[in-house]
Amino acid sequence: MTQHKEEPKKKSKVIPVVLGFILLAGLVFGIKEYIYFSKHEDTDDAQIDADISPVVARVGGYVDSILFEENTHVKKGQLLV
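At position 81 of the sequence shown the residue is numbered 258 (my numbering), and the sequence of numbers has no breaks.
One or more hints might be untrue.
What the hints assert, rightly or not - Here are the computed distance ranges between Cβ atoms for each label pair:
(1) K252 x I229: 13 to 21 angstroms
(2) K252 x A227: 15 to 23 angstroms
(3) E218 x K190: 38 to 46 angstroms
(4) A202 x V232: 51 to 59 angstroms
Think of the hints as simulated: they come from the structure by calculation, not from any bench. Don't be surprised by glycine CBs; every beta carbon is placed ideally from N, CA and C.
Kindly generate the complete structure, drawing on both the sequences and the hints.
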């Protein structure tokens, strides 16, 4: 009887390379997201404290023209509409 010596199977290098690539991609993505969210605030129910002045009409009627632009400062007594 002759004995056949089996050669040891070579381990595939593809699986560790693919797993390493996936791990590296996940690490890069995680670092990128961490940097982004450390600089940007994200809220679903944001509230701010501000002084609010309601503008109400003393008489009923229609507005013909608006005499100011949005987000501009107005002075006391300035005609708005």
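Comparing the hints with the structure gives:
Our hint of 13 to 21 angstroms for K252 and I229 holds, since their Cβ atoms are close to 18 angstroms apart. Restraint check, K252 to A227: a C-beta distance of roughly 19 angstroms satisfies the suggested window 15 to 23 angstroms. Between E218 and K190 the Cβ separation comes to about 45 angstroms, which falls inside the hinted range of 38 to 46 angstroms. Separated by about 54 angstroms at the C-beta atoms, A202 and V232 satisfy the suggested range of 51 to 59 angstroms.
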